[in-house]
Each structure stands twice: as C-alpha cells, then as structure tokens.
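Now for the letters of each chain:
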Amino acid sequence: MGVGVGGACAKGEGKVYAGNLNVAAKRARDIILGKLKLGEVVDWATTFSLWPVHLVTSCCGAEFAATWSPRFDAEQYGALPWISPRQTNFIIIEGTVTRKMACALRITYEQMAHPKFVIAMGACALDGGLFYNSYNVVKPWEIVPVDVYIAGCPPPPEALARAILDLRKKIREKKMASNWLREGWRGDVEYPMPKEDPCKWWQP
Amino acid sequence: MSISEGTLGELRSKGVEVRRIDKEYYEIFIGPQHPGSGHMRFRVKLDGDIIVDADPDIGYVHRTMEKLSEGREWLKITPLVERMTIIDACNITLPYINALEKLMDKRPSTRASYLRVLLCEMNRIASHLYGFGIFGVFIGHSTAYMWGFGDREVFVELSEILTGTRLTYTYHIPGGVRRDMPQDFPQMVRRAVRYMRSRMPEYEKIFLNNPVIVTRLKDVGVITKNRAAELGVVGPTLRGSGIRYDVRLAEPYEVYGEIDFEVPVFEDGDALARTWVRVEEIKQSLNIMEQAIDWLERHRDEPVIPKEDYDKLPKLHKEVYEKSGRVKLLPAQISMKVPPGKAVARGEAGRGEIFYYVESDGGTMPYRLRVVTPSARNAIVFKRILPGHRLMDLPTVYGSIDYFAPEADR
Amino acid sequence: MSLPELGEEIRVRLGVLAREVKVAKGFVEVVTGRETLREVAKTLKEMGFDHVKSVTAVDYPKEGKIRVTYHASSFLNEELSRFMVGLSVDLPRDKPVVETLYPIWNSVEFMEREVYEFFGVIFEGHPDLRPLLLAPDLAEKKVMRKDFVVREESIYEGVPHEYK
Chain A
1 MGVGVGGACA KGEGKVYAGN LNVAAKRARD IILGKLKLGE VVDWATTFSL WPVHLVTSCC
61 GAEFAATWSP RFDAEQYGAL PWISPRQTNF IIIEGTVTRK MACALRITYE QMAHPKFVIA
121 MGACALDGGL FYNSYNVVKP WEIVPVDVYI AGCPPPPEAL ARAILDLRKK IREKKMASNW
181 LREGWRGDVE YPMPKEDPCK WWQP
Chain B
205 MSISEGTLGE LRSKGVEVRR IDKEYYEIFI GPQHPGSGHM RFRVKLDGDI IVDADPDIGY
265 VHRTMEKLSE GREWLKITPL VERMTIIDAC NITLPYINAL EKLMDKRPST RASYLRVLLC
325 EMNRIASHLY GFGIFGVFIG HSTAYMWGFG DREVFVELSE ILTGTRLTYT YHIPGGVRRD
385 MPQDFPQMVR RAVRYMRSRM PEYEKIFLNN PVIVTRLKDV GVITKNRAAE LGVVGPTLRG
445 SGIRYDVRLA EPYEVYGEID FEVPVFEDGD ALARTWVRVE EIKQSLNIME QAIDWLERHR
505 DEPVIPKEDY DKLPKLHKEV YEKSGRVKLL PAQISMKVPP GKAVARGEAG RGEIFYYVES
565 DGGTMPYRLR VVTPSARNAI VFKRILPGHR LMDLPTVYGS IDYFAPEADR
Chain C
615 MSLPELGEEI RVRLGVLARE VKVAKGFVEV VTGRETLREV AKTLKEMGFD HVKSVTAVDY
675 PKEGKIRVTY HASSFLNEEL SRFMVGLSVD LPRDKPVVET LYPIWNSVEF MEREVYEFFG
735 VIFEGHPDLR PLLLAPDLAE KKVMRKDFVV REESIYEGVP HEYK
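Chains as they are written, first to last, in the working numbering: chain A, 1 to 204; chain B, 205 to 614; chain C, 615 to 778.
The hints are simulated quantities; they were obtained by calculation from the structure and are not laboratory data. Even glycine gets a Cβ: it sits at the ideal position worked out from N, Cα and C. Possibly wrong hints are sitting among the right ones.
Stated by the list, open to error - Stretch-level coverage of chain A by chain B, calculated; a stretch enters the list once three of its residues show a Cβ under 8 Å from a Cβ in chain B: (1) 24-33; (2) 52-66; (3) 150-159.
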C-alpha cells in the first residue's frame, strides 16, 4: 500500500480519507474497474459532476449563495453553480416561482443537458408556502419534474447540502444516469408537459 | 433585400411569428437566467457595443405581498413582508412596526429600541457584505465573493444567537421585541466587531484599491447630484452622488437620535463611490453596535416590552419571560384591532430608504398596505443611466447599485 | 419647524388650490381636485419637495372612488427632508383618468406604471404606460382593486391528486 501525501491518515482498516490520495485512488480504481458494471460507473461519475444552473428564482437564493460560501462549501460535493444552461445538468429551484418566472424556468430546464435533475428548495416550492393564495405564484412541480424537496422557509445551507447528498444517493440507487444512457429517458420520472403553456403571457 | 408584405402575411398564416425590428440596432435579452444574483431581465438595444436603450423588465419575483397583506392579521404581516429581503429582515420590517405603533399610539420600551438598533446594524453589515460578494461575482472577482460571504456568516451567526434563526427573525412586535439577548451576548458582539474592524483594511486592499477594479469601476454609471435627486434614488446610490440624506439622520427613529454616528458621503457618483459608501457604512455600523451593546449591558433589568404591557401579562407568561427572556404572545394580540387612520413610516435599510403606508379601517387586518422598497426606487437607474455605456459596464452598474430583485418586486 | 407648522405654511402657500390640508400621522395630507393637481405639484416642487417616495392608490368601492396619493419629500433641502407631504386626488372608480406628474417629478415614472397595472388608473401623458411587474394578461384584471378577491383556503384543502 502506497504512502500518500498525508501518510498518517489511512490507519483504520476499511476507511479511506481524502488526505491519502494514493490509497484513495487505488481503492477507487479497484472498485470502479473491478467490482462495478459500466452502468454503475456512469451513475457514480454523474454524482460527482452535478452542475447547478445559475437561475435564482426567489429569495432562497440568499441561502443558495451561502451554501457555496467558505463556511458551508458545497463545492466539495462536486457541484458548482454554472452560468450557461447548456453546460449544466442540475437545477435548484430557490423558492417561489411566479408566472413570469415559470416561463424562464421551463426554457432553462429544456436547454440543460441530459440526464437532468431538479431540487425544489423551500416551502414555496412545495405548495406555495407563505404565498399559497397569491394570484401570481405557480407550483414548480407543475412545470418541471422534481427529484428532491427541501422543507423550510428558508432552508438553512446545511439542508441544501444534505439534499445534494440525497440526490447523489438517489442517482446511484435508482440508476438514473445509466437508465437515461440505455433507454433514452430516465425511467423513474415522467417528464411532464405543463398543462398550460407557461409562456402564454409573452407578447413580443 | 426587403420582404414584401405578401410574403409576411404568408409566413404569419403558417403560424410563424414575424415582426419588424430596428435595422441599426441589435436587441439582446439579458436574464432572468444570468451569472449574478438577480431575477430580472433587460431588453438592451445596442449600437455596436454601446447601449442606446435599456428597458428593465422586472416583476419576476412579484409575490403580491401588498394584496396578501389585506387578508392577514396585523402581526402575521411581519413574516410576510420580511420575505422580500430576507438578508435584511430587521431593517425591512422595522418601519412597518413603527407605522403600526403610530396608529396604536404605542412607544417601544427603550431596551427594545436598543435591541432593534443592534439587530438592524448587524443586518446592515450582513446585507452590505452580501452585496459586496454578489458585486464580486458580477465583475469576476471571486475573492470578494468568498470574503464577503465568509465574513457575513459572523453576523448571521450573531443574529441566530439573538433571535433563533439565520435570516427570518420576525423579531419586532408592537411595543417591543420577542426575545431578550442571552447573558454572554455582549462579549460575542465585541469579538465580532473587533474581527470585522481588522478585516476592513484588507477589503480596501484587495478590492477597492486594486488597480484592476478601480479601472473597471471609476467613472462608470455616473449619477450627478441633481440627477440623483430628480430620479429619487436612495441609499448608497444617493450618498455616493454627494447628497447627505439618511433616514436615521433626517427623521431619527428608535434611538438613532441618541447614538453618535456619521453618514459617509462621496461626491463622485460613480460605481466606485457607491462601493466606498458601503465600506464606510460598515465601519459606522460597527461603532453603532458597540454603543448599543454598551447601553444594553448597563441596563440589564429593564423589560423588552413596555412596563404597562408587562404588568398585564398572566403569571405563566411572566415566568417564561423571567426564565428564558422570551416574550410569549397573547392570543388577543394576534387578533388585535388597530384604531382607524393612516400612517406612514420610513426607515433606512441596507440598500436605502424603505417606505410604508398603512391604512386601517379599525379591523383585524389592514385596509391597505403600501411598501416602496429601495431597490424598486433604484430600478429607474438602469433605464436612465445605462444608455451611453458599453455593454460590459452593465454588470458593473447592476452590481454597484446592489439591486435585489425580490425586494423591488415585493 | 414641526409638522403642524409645515402644514400651516403649505396651507398659506396653496390657498384655494387645496381642498383640504391636514396633518396625518407622519405626513401632511393635501387633497386637491383632478384639474388643480398639476398646479399644486408645481407649487410643492417650487417649495423644495424634489422627489416622490411613493405613488399609492387606495380603492374605496363603497364611495366609488380611487384615491391616488403622491408622497413627496426633499433630498437637497435638509430642513424639508425631515417631512413628507401626501398629495391626494380622488378619481371616479369607473373612469380613473388623471394627468401624469412625470414632467414635474421624474421619479414617479415606475410608480405610476405600477398604479396603472394594479388599479387601472390611466395617467394621461405618461411617456411609457405599460405594466411593470405583472404579465400583461394579469394586469387587465386590476388585481389590487377590492373586488379582485384572492382565494382563502386552509392549507389542507385543494391539494390536487397529482401531488406525489
């Protein structure tokens, strides 16, 4: 067994610490090439490259931003907000989605690369939350299929980080990414078409 | 080559959307999905690289708070309106409570006033640091984002210790606050103040005096003094243009009249001046925090609600207050009736002046609640100041105004 | 100077132009008619009230009127910046049309657009009268008027069965 940079780390049997890169790399190599099937490797790889698109729908965006701040550092889970929807596969709906925003949300969602995942953050994304009877609010699950919901108003950054971990678990358990590769769709969710066109108000 | 009307009609009959555009200009759409924080869209017309017309299309986060508040009880409105700027929740809800107190002819207890001021100043610093971080993202300076958000956590954590949540406090009630501070809170505040003071020179070094940033911000988005007054902009945008106006100074609410602080004013009116105003304001807020915590430490025995209200509380409520410093609300307070009349109140939030107009018809809910937020008043800058700039200056102007869309759209 | 003194000064300055000048909680309220609105606004601007903080409309369906209030104050005059003046005008509910104050106070531009989309008040002469916050189809419903009622329901009702 090779001695890595932080050599003192890998003392306990069966534990891999990030500090010992050689050990970690060897074990990962063994698992990926030895034990896993190709489909499982795809799922495993997808969990480490979740790129949320930078669409901030509402005020939970304050906690969304704090999640990637130095204190909570969600980048360690392989997720980093990115600018262009074309280069992302993951969308976090931060709170309320208004009628105008629903149009932007659907367009952004459709532009993202497959296989795509959605986290809905906050009470407003569940059922309207504090604004349940507002005339300008739509429920995000009518617009896009949601994989993980987070409760709270607003949910703390820890909850968002936890939801990303949950999503990673779900991807590997339900084989979301490999199913998409094999079948052309994810299999575990239906892709809903919104009942009515979210952009029907648009007048150029 | 021009297309004849007949061809256009044929295209239209096939369901193709056809419209004429200005030949000389590019028309581009920016947002609502864009790299910075902001939930709005611009329709920008470009002549080459120069903006000739910018039309801010806001309302992407319009959650109809004014309408919904007409169907909620007075106290339940505080959590509703504080969602418009959750990073500045104390400052945003305070004028509403002030207006309510004006209608009810109630004076908050002095200790509650000092606690409000303390929390508001912590909020102002956190809000400025948030704006700082987002500004960094806009102009590609990720260190500013990392530092701003890292240091912001100090003040978010302090507010969590004081009120129980990170962002949405619902701390004020008419006549007082909902919770007294913990015993060891003064030491924590002083440590935070010491830490932030030592950090301020570093911010100046890495951001404001950085030659790259200065080149990017200097003489961009200039608003002259008279223009600022004419457009009615507020907050650091106004004070960066040389106008000495701060609600804490003009119409001192709470105990700001007794506290010693300065209002930083810069004359240049450009993006750099606006950023400087924020940095100087953080320093002033630290001073105010220290004065408030000194007073609070000296007067530990006073209750956080008015004496006559405290005497009226039942025994259980008094016990809870003595043990944990928490003010338990009475059921009657939720369904309280407010005397008919109208009142206005204003306050200085992190981004500028916030204005509330409250009208009561004597019922358990307001007849009309009108909020005008600082970002809503600053939105006009995009339309009036952007034309003439290059497209690459748009993020600079946007970030320097510290526009927060949920606040503007309400 | 105090608020009642300012009220007195405005009363003397406006004379017959104002129907009513009274001191409310936090501001001086001036009520005027639709025809004299511009003239009153001009006078207030000459006194030093250089910007508008808010354009507020309140709907009174029983009296059949919509009251539009301009809350003005000053930035450049430090003495006046401590006070606010509310300039109100009553409009009939079925045909709320009024002349815009945009040429006098530039800062009303976006706020008048807001009142237009929420209450359907038409400001004549406004350079760009379009909905600001709402989508155009919703703006036609004049959502902030009292006869547009939002549904009030318990949170346990009305959850559709597609909710998974």
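Structure-based check of all given hints:
no., hint, result
1, 24-33, "violated (count 0)"
2, 52-66, "holds (count 12)"
3, 150-159, "holds (count 3)"
When the structure is compared with the earlier hints, a violation turns up for hint 1 alone.
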